[in-house]
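Trainee: So you can see what is in the structure, the chains are spelled out below.
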Amino acid sequence: MLRDAWLVAGRDLRIEARSRVALWQVLPFALLALVLFAFALGPDRATLASAAPGLFWVAVLFSGVLAVHRSVAIESGEGTRDGLRLSGLDPAGIFLGKAAAVALQLAALEVVLWLGMRVLFGVTIRAIWLAVAAAALATIGLAAAGVIYGALSGGLRVRETLLPLLVLPVVAPVLLAASRVWSAAAVGAVGAGESWLRILGPFALVYLAVGVVVYGPLLEAG
Amino acid sequence: MASAVHLTSAVALAGRFPALSGVDLSVDHGEVVAVVGPNGAGKTSLLRLCAGLLPLSSGQGSVLGHDLVEDPAGVRRGVGFLGHAPALYDELTATENVRFVLRAAGLPVSRGAGALERLGIGGRIARTPVGRLSAGQRRRVALAALVAKCPALWLLDEPHAAMDPAGRELVAALIAEASVQGVAVILTSHELALARSLADRVVSMAGGRVSRIFEGQRSAPDDCRDDPGALGAPASGVAARPTPVPTLAGGAHVA
Amino acid sequence: MSMTEEVSAVAMKAMKDHQGEPRPVIDDELHRRLRPRWVRVTGVAGLLGLTATVVLGLWVTPPDETQGNLVRLVYLHPPVAWVALYLAFGLAALSSLLYLWRRTRSLFWDRLAAASVEVGVVFNALTLATGMLWGRPTWGVWWTWDARLTSTALLLVLFLGYLALRRVPAAPEVRARRCAVAAIVAFVDVPIVHFSVVWWQTLHQGATVLNPDLSPTIHGSMAWTLLLGFLAMTAVFVWMVSIRYRIETLADEAVTRSLATALAERWAEDEASGTAPTFGLGASSVPEEVVSATRGDPQMSVGEIVR
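Protein chains in written order, with my numbering: chain E, 1 to 222; chain U, 1001 to 1255; chain A, 2001 to 2307.
Keep in mind that the hints were calculated from the coordinates and are not lab data. By construction, the Cβ of each residue, glycine as well, lies at the ideal position given by its N, Cα and C atoms. Certain hints may be false.
[Said to hold, decoys possible] Chain E side only, calculated, beta carbon under 10 Å to chain U, not exhaustive:
1) 80
2) 85
3) 87
4) 118
5) 213
6) 216
Go ahead and model the full structure; you've got the sequences and the hints to work with.
Mentor: What follows is the structure in structure tokens.
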């Protein structure tokens, strides 16, 4: 299963590296969102800094939906869909591989986005390790839930509109928890932040487990 | 030995449409069967059913010893399927695509190079993302992946589509060699004469059922081997002599 | 029996009758099977119960000391919320699980899940609406980011997604599996959503708006009216779900029969012509039977019927 996951993740990342859609479309979109947030909230740096954690995670969430779209598009060609089913790969491995590829792309995006936020909004984070831990758990959770719903809406023509409607309510707790941790981490309130990891951790675990179980049936149902 | 494919009054639905409405068919190992018929006759559906991609709605069916209803995953692992749309990732090169198929199946990656070369995909073409190749070249790459995987049942959906004359002869030669190895081949075609020349038996389909089965005119595989003309010269100028394909020499996994 | 098996079974039957005649979609037998007595009994009981609740709630029970006549919403709002948040979505999750489990897999569970989500969404919206009607005079605002309100709203959106997915056309079994997975995936989110918004409230905003002094004290006739409200709403829910289930079954049945007719027609057509198609070749090597013409394109006529 892990071997298959490794193979699929490598393939997805290689395809993404060749097409460069993540680099030239998703990342600029996320940065654009930051600028738009600033327009909406006004130029006051104190306001921006206090809103920054929430805005950051909203931007990650929307970019995440785009990344999942890309990930699904790889499998949604008529031929490649059949190919995947005929490949002999373990569905659980395919799920883990695809989720890992999305998670890695999101992690890279978060780093760049954070740098942009630092420069544009003037935010600093005191408890770095707390922020990183929360980001890691949140990213895994987002990727897992996203890939499950990606497979659900995979072969459908209405995917573009259906996927956000399905995914965003489900990942709402991630947005909530991750923003709270980052707010806490920004002012160094470690205790308040840590308790939120109790949402992020189980969320990531639950959706990884659900994906491992349901990805096979979903691939069949396609 | 049990036959490679055995279907009894097989009914399959494609979406909400009865694509196969009661098919009886049996194909032995080493046999080449061509399926002909007009558009919508159920040719592709028949191949997809045998590949375990289309669920069997009623009737019985077994492929390579795996039951189509009980163990579709086992069927899928054992067959090689060349569909209308080649199962290739546009951003990856021919070599990478074939390598992915082999690694996914747990087979040695080294088989890929020989198969690609055999199909006339070498050098610069093998290093180009397949999205930039022509339709015929893409089909050759997909066929190379199938040949490298070396399954015991080949399901070829219009293998001649988009192929140049050299490619067509290459397909004929590969089929002939595979059948010597005990591989069962089912292919579809719109060209009756071509189908007859390739196959031991020709199955004519209409309205989702087999309407008639008649003899093919395939020359004995040995004749085919000795006749250099049957192989033709692959597009990239690879030797026309039928060099033994490393993948085929390994023998097919006959269940 | 799976949907597809059912299709071919019906087609076989039609074939044996030797007629491709389309049969009426709803025949007497199906009608009887889908309209059992208890459904009507439940419906009448639910509606009578609701009427009684309204009469008791508006005229018989006394107004509350602090909330006055506003307290009368207590006979409506909690029963609606109970149906929406526990009964409907619990039933949907359970039947989705039973559909996914191979041994109990049957389209019955799929239709039941769909029916209860649909009714649940209506009750969920009613929960929010009655909650807001209550909140405006007591709290002074239509909406507050209270933990309960927030999680109820999120639940509504979650299951609206389910209904959206259901509307995407697909073969019944494909859709059933897809929707069952979606329901399960959404359902495991419910406790996470709940805890996260509760913490969000307590950790972030401090004091909650829900002042415990405002909660009404319940006694005598009020308790009985409230209990009646719960029972009546439950009965109405069961009644609505069973009607929705019937509609869902009839829709599937209509598809099954049109498919079966199409299949039977195809076979009949084959038998009538008894031939294979032409390829426009006319080659001498082709047996004569093969060359003789086919009768039109069967796909067209069948496609039109199914549509």
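Trainee: Take the hints in turn and mark each one as holding or not.
Mentor: Checked hints:
{"no.": "1", "hint": "80", "in the structure": "holds (5 Å)"}
{"no.": "2", "hint": "85", "in the structure": "holds (6 Å)"}
{"no.": "3", "hint": "87", "in the structure": "holds (4 Å)"}
{"no.": "4", "hint": "118", "in the structure": "violated (33 Å)"}
{"no.": "5", "hint": "213", "in the structure": "violated (16 Å)"}
{"no.": "6", "hint": "216", "in the structure": "holds (9 Å)"}
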